[in-house]
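Make the full structure from the sequences, and use the hints.
What follows is the residue order along each chain.
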Amino acid sequence: MAAFRVGRGALNVLNSRLISPVLANKSSPCRKIHTAWLLNAERQFTKDHEWIVMSDNVGTIGISDYAQNSLGDIVYVELPDVGSTIEQNDTFGVVESVKAASDLYSPVTGEIVEVNEALTESPDLINKEPYDGGWIAKMKLSDLSQLDELMDEAEYNDFLKETEDE
Amino acid sequence: MLFPRSCKKPKLSMKFFCRYLSNKSRITLPYSEKVIMLNSQYNDPYLNLAYENFMYENLNLESHDVLYFWQNSPCVVIGRHQNPWLECDLRYLKEHGIKLARRYSGGGTVYHDLGNLNITFMTSRARYNRKWNLECIAKALSDRWNLDVDLSPRDDVVVDGIFKISGSAAKLGKYSSYHHCTLLCDVDLDRLNRAIMPRMVATSRATQSVSSHVINLKDIEPSLNVNEIITSVARTYMQENEHPKILSMDIFRKNFTEIHKIKNELLTWEWIFGKTSPFTITKSSLLPSGTKVKVDLDIQSGRINNMAILPNFVFENEINKHLRGIRFESDAVSKAIGLCLEKSAGFQDHTMEKDFRDILQNISKIA
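So the sequences go chain by chain: U and P. Going by my numbering, the first sequence opens with residue 1, and the numbers climb by one from there. Going by my numbering, the second sequence opens with residue 1, and the numbers climb by one from there.
I should point out that these hints are in silico values taken from the structure, not numbers from a laboratory. Each residue gets a CB set at the ideal place from its N, CA and C atoms; glycine is no exception. A couple of the hints might just be wrong.
Think about it this way: if two alpha-carbon atoms lie no more than 20 Å apart in a straight line, the pair counts; the simulated EDC-like pairs of lysine to aspartate or glutamate are [said to hold, decoys possible]:
1) Lys354/P x Glu318/P
2) Lys139/P x Glu242/P
3) Lys218/P x Glu265/P
4) Lys131/P x Asp132/U
5) Lys24/P x Asp90/U
6) Lys138/U x Glu121/U
7) Lys47/U x Glu62/P
8) Lys138/U x Asp152/U
9) Lys131/P x Glu95/P
10) Lys138/U x Asp90/U
11) Lys139/P x Asp160/P
12) Lys263/P x Glu242/P
13) Lys261/P x Asp296/P
14) Lys24/P x Glu149/U
15) Lys24/P x Glu87/U
With the C-beta cut set under 10 Å, the calculated list includes, among others, these residues of chain U facing chain P [what the hints assert, rightly or not]:
16) Leu71
17) Ala100
18) Glu121
What follows is the structure, given as structure tokens:
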């Protein structure tokens with residue numbers, strides 16, 4: 001999924017979900033732990049609005065809040081086969097929303113080790129929890145250095161602002 | 001629960017996911033125009049869809065948009081994630097020689113014949129603008145023929161505020177995108193209604209179509225014809241008044257082999273039927289013995305995965321042996337049922353035999 005162009009509204013949603021919880025909870029140390037998990041400093045993004053979070057050499061992949069917001073209500077998710085090998089930037093699935101069928105591009109090269117079967121029954125999980133219950137696939141990476149090409153959350157937010165300003 | 005956790009999802013071969021090229025390795029068409037107009041000289045739905053997908057996967061759309069006009073001989077085209085059994089009357093299609101195709105874009109089921117015009121607006125991902133395209137069609141029709149054409153809140157092209165004349169779907173990729181739509185000019189509406197009137201109902205997760213009241217443009221304005229519509233839409237899209245230069249598909253002569261490879265994939269049973277997500281057909285009936293039974297047919301990747309009878313029926317396993325793994329289509333099911341009947345001859349209990357035959361007949365009627 002690439003270069004989404006949506007109005008200011010989308011970015012505001014993004015800000016409110018991702019950034020304001022940190023500001024709002026500064027005084028509460030307890031909540032801060034939860035916020036840190038939510039924010040997940042290790043989450044990395046592609047310009048095509050996919051994200052990946054690593055745990056050992058397995059990465060969990062999904063699409064960003066901005067992406068789900070631009071796509072609108074998601075009605076179907078076509079998942080890859082477990083065991084298949086996917087090259088970086090190859091399509092590994094399709095997300096169909098009320099507006100269009102969008103190809104998903106893999107941020108890295110690797111083997112699919114698990115897919116989120118819950119999306120078969122509830123594709124709208126991607127809309128509701130893009131960074132949590134709406135994950136799409138888990139992948140065993142073959143080249144960890146590919147992660148260096150990705151953006152961290154702050155860089156991704158800057159990238160969104162730039163695309164917005166264009 | 002209708003789909004137990006242990007159920008396998010349909011096997012999707014990776015070949016159905018396209019190998020999408022980076023912008024550098026894409027074909028740049030040797031034309032200076034900002035918009036390239038193409039009108040397919042073919043009426044084969046699989047070939048026309050193959051051209052469309054070839055362009056989506058291979059063209060560099062940075063320096064120009066492509067407007068692709070195409071018309072198909074009678075066929076039903078379902079969305080990428082739809083269920084053909086639940087979207088159309090397969091028996092009617094077969095009897096009337098209407099082809100069935102699954103496209104790559106999302107959305108609902110449509111009927112095409114030579115009275116329908118398909119328009120594909122292919123642009124770079126950044127220039128994707130479905131609303132603008134539809135407004136362009138509406139403007140072209142209202143300017144040229146003074147029709148009351150507008151966009152509905154669902155972004156459908158409607159005439160006189162209510163009648164739908166066009167259905168849209170779209171595909172978005174990293175660099176390229178397309179929005180395509182149908183335009184009902186002079187379609188056989190009786191056939192349209194019958195072909196996309198499903199015979200079955202089932203529990204399924206596939207994308208469902210939204211039905212609408214449709215009308216032919218020709219019924220509102222008898223003087224219009226497809227070629228004039230093409231010219232008018234092309235002019236409006238270019239925002240110029242000159243006569244647009246419209247090319248044929250011959251510009252892709254060199255890519256013949258690749259395009260035919262896509263066409264052949266679109267023609268496979270695995271793509272058209274096998275790609276359907278799991279679904280269950282339930283049929284209740286009263287057996288000759290007076291017992292009320294419910295038969296559940298569980299279909300996965302287009303094939304029968306399991307048949308369950310409620311309340312329990314002694315021959316359930318025997319019937320399953322014959323049905324499991326066969327394609328869910330009338331010929332294959334009838335054949336399997338025939339074999340099952342042959343092998344299970346010699347009943348002692350006549351009531352049970354009647355029930356057994358009745359159940360089998362019911363199953364063969366479902367497909």
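Outcome of the hint check:
no. : hint                : result
1   : Lys354/P x Glu318/P : 16 Å, holds
2   : Lys139/P x Glu242/P : 17 Å, holds
3   : Lys218/P x Glu265/P : 35 Å, violated
4   : Lys131/P x Asp132/U : 32 Å, violated
5   : Lys24/P x Asp90/U   : 15 Å, holds
6   : Lys138/U x Glu121/U : 18 Å, holds
7   : Lys47/U x Glu62/P   : 18 Å, holds
8   : Lys138/U x Asp152/U : 19 Å, holds
9   : Lys131/P x Glu95/P  : 38 Å, violated
10  : Lys138/U x Asp90/U  : 15 Å, holds
11  : Lys139/P x Asp160/P : 14 Å, holds
12  : Lys263/P x Glu242/P : 35 Å, violated
13  : Lys261/P x Asp296/P : 38 Å, violated
14  : Lys24/P x Glu149/U  : 19 Å, holds
15  : Lys24/P x Glu87/U   : 18 Å, holds
16  : Leu71               : 8 Å, holds
17  : Ala100              : 4 Å, holds
18  : Glu121              : 7 Å, holds
Against the hints set out earlier in the document, violations occur for numbers 3, 4, 9, 12, 13.
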